[in-house]
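Start from the sequences, fold in the hints, and give me the full structure.
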Amino acid sequence: METVLIYATRRQRKRLIGAGITFLAEYDDYVLAEISKAQIAELRGAGFEVEIQAAADVLEVRGRSVTMLPAEARDGVQATANVAMAEERGYAVLRDSAPETYGPGHHYYLVQFVGPIKSDWLAEISAHGGRVQEPVPPCGYIVALDQAAHEWITVEPAYVRWVGHYSPALRIAPDVTAALAADPALSRGCIRSQGEATAAAPPGVERVPALFSMSFFEPHDLAEAVPHIQELGGTPSAFEPGATMVTVSFLPGQVDLPERVQRLAHLHGVKAVETFTLRQLYNNVAVRLLDAEEVLTPTGLGLSGRGELVGVADSGLDSGDPAEMHSDFAKRIVAILSWPVAADWSAVVTNSGGDDGPADSRSGHGTHVAGSVCGNGAAALAAGHEAIRGVAFRSGLVFQAIEQKLAWTDAYRQAYFHRYRRNPPEYGLAGLPADLLPVFQQAYDAGVRIHNNSWGGGAAGAYDDYAAAVDRFMWRHKDFLILFAAGNDGVDGDRDGDVDSGSVSPPGTAKNCLTVGAAESVRAQGGYQWPYGRLWPGDFPVRPVSVDMPSDHEDDIAAFSSRGPTQDGRIKPDLVAPGTNILSVRSRSLGADSHGWGAYVDPLRDQYMFDGGTSMATPLVTGAAAVIRQYLRRVKRRRAPSAALIKATLLHAAQYRPDRHGQATEARVYDLAQGWGHLALASVLLPPAPEQVSWYDHRRGLNSGQSWRWSCQVVDPGVPLKVTLVWTDYPGSPGHQPNLVNDLDLALTSPSGQVYYGNCAPGQPGGRPDRVNNVERIILSAPAPGRYRIRVRAVNVPYGPQDFALVYSGGLRQA
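All residue numbers for the sequence shown refer to the working numbering, where the first residue is 3 and numbers rise by one.
The hints are all genuine.
Derived DEER-like restraints, expressed as beta-carbon distance ranges: (1) 47 to 126: 33 to 39 Å; (2) 479 to 153: 36 to 42 Å; (3) 261 to 44: 54 to 60 Å; (4) 158 to 16: 27 to 33 Å; (5) 479 to 12: 34 to 40 Å.
The set of hints was computed from the structure by calculation and includes no laboratory data. As the structure is a computational prediction, the values presented were derived from the model and not from experiment. Using N, Cα and C, we set each Cβ at its ideal position, and we do this for glycine too.
Now the structure itself:
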């Protein structure tokens, strides 16, 4: 038998009942049922849309497929055989869920539902004493249950398939397990930085000795766990009242470290044990390559970001003093805020709480980034030079300095040197706390609605605590768009002449943020003018990528730019922008010989410099996002456009271009290197006639089984018809896959009745709905004239209602 969704009207459901089909649950658009393969074929033959729910009895927890065998399969002679069969399929089998096993009070359980989750189900569980915690894909939740609630949920509700204890083995992140098995004295981290992009092979992934991040479901769980952590030999960092996260360190060379970490996972209320990562920076022509010149000039739309306030979290900003600031930012800085060394590092540094201030005196990274967002070129103009300015050159700026100098403890420094034969990094983004939400809240409270982050680090493609925090903040603040750099971890590890996939770094792996990769700029002079194989010979040893120049063709993707997908298969980066040999503002606090990728010409040598990386691509898109927000508010009269609408507009403006050195692929609307393509801003803000662009911000939202419908009339088949759907999804749980929680589907029906689904091959009807991404696009290059019906369907929305944004364009009849 297969668990299926059968899309049927009320009248059609009577036919299904007459055919002997019993419904497990009913929704507005479909019914849930268990039927045979023969019945599926019969229904499809009769014209019903039937969608099979694969592995309906399985939840995905930290890279493992988890199931609970039915009671009859767990007891008696057949039990061993049934368990062995499930484990042979790669499943982790939960054998016990009895609350008396774990003592009095509430304990944490995996609850799997029969199908797409209704909010009424969660409300009923809460009414019976359960505390609903977080979703586990595809149709599950972690729920705190006491004995009474457990007895009720295992017997009464027909919508619950099984209940199993959230076992300690499922709480340890896979990279922790792998690292401890490989080297019990270490836990895996990922200190990797090409942010300054020196002409030497990047250092690669390093491991941070014995430092872990522990998250708890509820604040009292953390408070009660502290003495037990200390009994295990761990040192917890300081934390604020109400916190649910703490970092824990062990002495270097601690005996029985794997066993101690496993015992951490047994403490009551632990959600996850993960590695704690020191995040690092990702280190005129660009504006033209963004197709933004017409949008920004007075003869075009005259947009400049005026009235918008952009936030940047980075190393520092010029002098750090608004009164003595680089002229390209003068009088537009709302605040410069320095974040001291976070308490989470207190176990391994001696300067926790220390603050070296917001000046940008080490790399100039933050100043260069801010210049690409909103520098106005005043210094260049004063020298009689053409303006060297960012995209949103009249926007305001809130800058958060998060890089700090680190005074490592002697024990940590010795352990690090013993492992790597060099000292630990002197600087890092140690101002970032383990809980990222306060950083975004500070910016939001200051009035920021577009926020740039040219930094990151972590296990490649992983959805970690920081990624979840990004999604959580955007879920709570639907008008706040966060942008992240994809990372500079692109390498040709298999030596086939093409850059490997799967290197995108968190938090850019978050669902709701816009993640930016680096395309090449076009510049024959200035900056790095050597091929990738000379700049980073260990990473790019083989042709053609080894001989490619870093800024010789605008269609190429920078070799170092991190590729997707994420670990659960989502499309990242979202898009690309120029990120090689970018000319922007230079911090005047730098030493005389510090010029990033290269110095600019006199007399502006001390005012501007070249730099490169996804760090440099991201602020260009951040500036474009501010300009789009200005356009939506000023031109389209949308007072508070959602982050999803701005993101959808950016993606709608992305143009897919084949990379000269990339892998040959069949025609599609995205790939793993450039995401949805190269940003071309004018294509959506100033489309050539007769193309029309429409925006829709659906605030009311949809619940499981509901649909929203719209239509448009194509009158000119010579203009492609494009539809882009974006929604800000509920935050997922780190380690659970897929990370998508609320699942919407985009479909487009042609005048002839052919149905096209989002993210399928362009122009090809049919295919399967996307079950992992919260961005879906449909492109018809030569649409037949007539009426097209757009449908957004809520397949599974446990946290509803789910709002969304839609942008569509084509040779359309004017409204």
